[in-house]
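Asks: Here is how the chains run, residue by residue.
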Amino acid sequence: MSDHVSDFLHDAVSAPDLGAEPKDWLALLKPRVVSLVVFTGAIGLVIAPGHINPLLAAIAIFCIALGAGAAGAINMWYDRDIDSIMRRTTTRPIPAGKIKAGGALGFGIVLAVISVLLLAMATNLCAAGVLAFSIFYYAVIYTIWLKRRTPQNIVIGGGAGAFPAVIGWAAVTGHIGLLPMLLFLIVFFWTPPHFWSLSLYASADYEKAGVPMLPVVKGARHTRWNVFIYTLILFPLALSPWFLGLAGRIYGATAFVLGAAFLYFAWGVLRDEQDAKGVSLSKDAPARAAFKFSILYLFLLFAAIAVDRLV
Amino acid sequence: MMAPAQQDEDYAKDRMPRVEIVESHWSDAQKAEFLRRRRARNFLLLAALGGFCLIIYVIAMVKLHEYGQMW
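Heads up: the protein sequence lines correspond to chains C and R, in order.
With the working numbering applied, the first sequence corresponds to residues 24 to 334, in that order.
With the working numbering applied, the second sequence corresponds to residues 7 to 77, in that order.
Derived from the structure by calculation, the hints contain no laboratory data.
There's no promise every hint is true.
To be verified - Covered by chain C, per the in silico footprint, the following chain R stretches (three or more residues, Cβ under 8 Å):
no.	stretch
1	32–40
2	44–50
3	53–64
Stated by the list, open to error - DSBU-like cross-link-like pairs, simulated, lysine-lysine; straight-line CA separation at most 30 Å:
no.	chain 1	residue 1	chain 2	residue 2
4	C	LYS123	R	LYS37
5	C	LYS241	C	LYS170
6	C	LYS123	C	LYS170
7	C	LYS300	C	LYS231
8	C	LYS53	C	LYS306
9	C	LYS46	R	LYS37
Unchecked claim - Label pairs and their computed distance ranges (CB to CB):
no.	chain 1	residue 1	chain 2	residue 2	range
10	C	VAL302	R	ALA66	15 to 23 Å
11	R	GLY57	C	LYS123	22 to 30 Å
12	C	ILE256	R	MET76	54 to 62 Å
13	C	ALA119	R	GLN75	45 to 53 Å
Backbone N, C-alpha and C define an ideal beta-carbon position, used for all residues, glycine too.
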């Protein structure tokens, strides 16, 4: 046995378990994902007709964030085997050995229960019910059931990210209207081009871990077409709140410009210089640009509907 | 009446055995780090529980003030 290997084994066996730090528990909640969830949830609250006490609104947003974080912790618990294989995720608290798997699961379940109960107390059962379903959707339907079974995993997973606006709306009104459903569909159809643009240049990790991402299973060319088709569907869908009279001109104009720009980027992904298998010869520069723009797209689109409602 | 020395001895027997919270082979730095992390976790838990109570209180106050009832 080489010295390096014996040193490594010695360290691995004798490394003291000093316990996790608070930041490790925080990392279980996927703070970056939660920040987007908070934003869309807050927009749902702002655009909903009716009144909600600002303190209760703040608690509702906190509950949405807590619920999303809980779902993230359960996701990390279930995915700990593949997280230890993929380079991007090896530093997560469970594969890094900072938090035990059972601890992460318990943490996630406790937070999920607390978030739903608090939301029910602060607002209403409709909002709490949708929050509970969104946690179940992400943790069970997406993570446990479908993520490792189908290359359409991201399409289905997009639903999980689409719930916060509906929850925000329901927190104010006590029911689910047409506008939050349209916002749900917008995030739902936005997720595939957003994530598949990323996966075009970051699929090696998923391949190594055996996760059937679209570029791994169907190839890059098929993925490029899917990015374009979903962006094409997204264009009229994002305009629908305007032509159905649920949003004003500010939103309509913003959705049109952003949709046209997103189509331009998706067209760039489709027309990228490729080899026979559709693999990029330009280091996936158009896919990287499309991924970055997709984040800006969603942020500006949701901001526009809030501005439109407030002006 | 029992002698004070006997009383101390009986009391000492009834007490829980002293539990080593850190491993004996750890270095002083590792022991200090362990204690620091545990203290940080305890404070976080305390803050979380305090926050939870505060939120329940705020919800109750706002709902009772605005609607006259919790549900």
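Asks: None of the hints should be skipped; say for each whether it holds.
Replies: Quick rundown of the hints versus the structure:
1. 32–40: Answer holds; 4 residues pass the 8 Å Cβ test.
2. 44–50: It holds: at least three residues are needed, and the stretch 44–50 of chain R offers 4 whose Cβ sits within less than 8 Å of chain C.
3. 53–64: Contact hint for the stretch 53–64 of chain R vs chain C: holds, 4 residues under 8 Å.
4. LYS123/C <-> LYS37/R: This hinted pair holds, its Cα atoms lying about 20 Å apart.
5. LYS241/C <-> LYS170/C: holds (16 Å)
6. LYS123/C <-> LYS170/C: holds (23 Å)
7. LYS300/C <-> LYS231/C: Holds - the C-alpha atoms of LYS231/C and LYS300/C are around 19 Å apart, at most 30 Å.
8. LYS53/C <-> LYS306/C: holds (28 Å)
9. LYS46/C <-> LYS37/R: Holds - the C-alpha atoms of LYS37/R and LYS46/C are around 20 Å apart, at most 30 Å.
10. VAL302/C <-> ALA66/R: 15 to 23 Å: Since VAL302/C and ALA66/R have Cβ atoms about 60 Å apart, the given range 15 to 23 Å is violated.
11. GLY57/R <-> LYS123/C: 22 to 30 Å: holds (25 Å)
12. ILE256/C <-> MET76/R: 54 to 62 Å: Violated, since ILE256/C and MET76/R (Cβ atoms, about 44 Å apart) do not stay within the stated range.
13. ALA119/C <-> GLN75/R: 45 to 53 Å: Distance hint for ALA119/C, GLN75/R holds at roughly 48 Å.
Checked against the numbered hints above, the structure violates hints 10 and 12; every other hint is satisfied.
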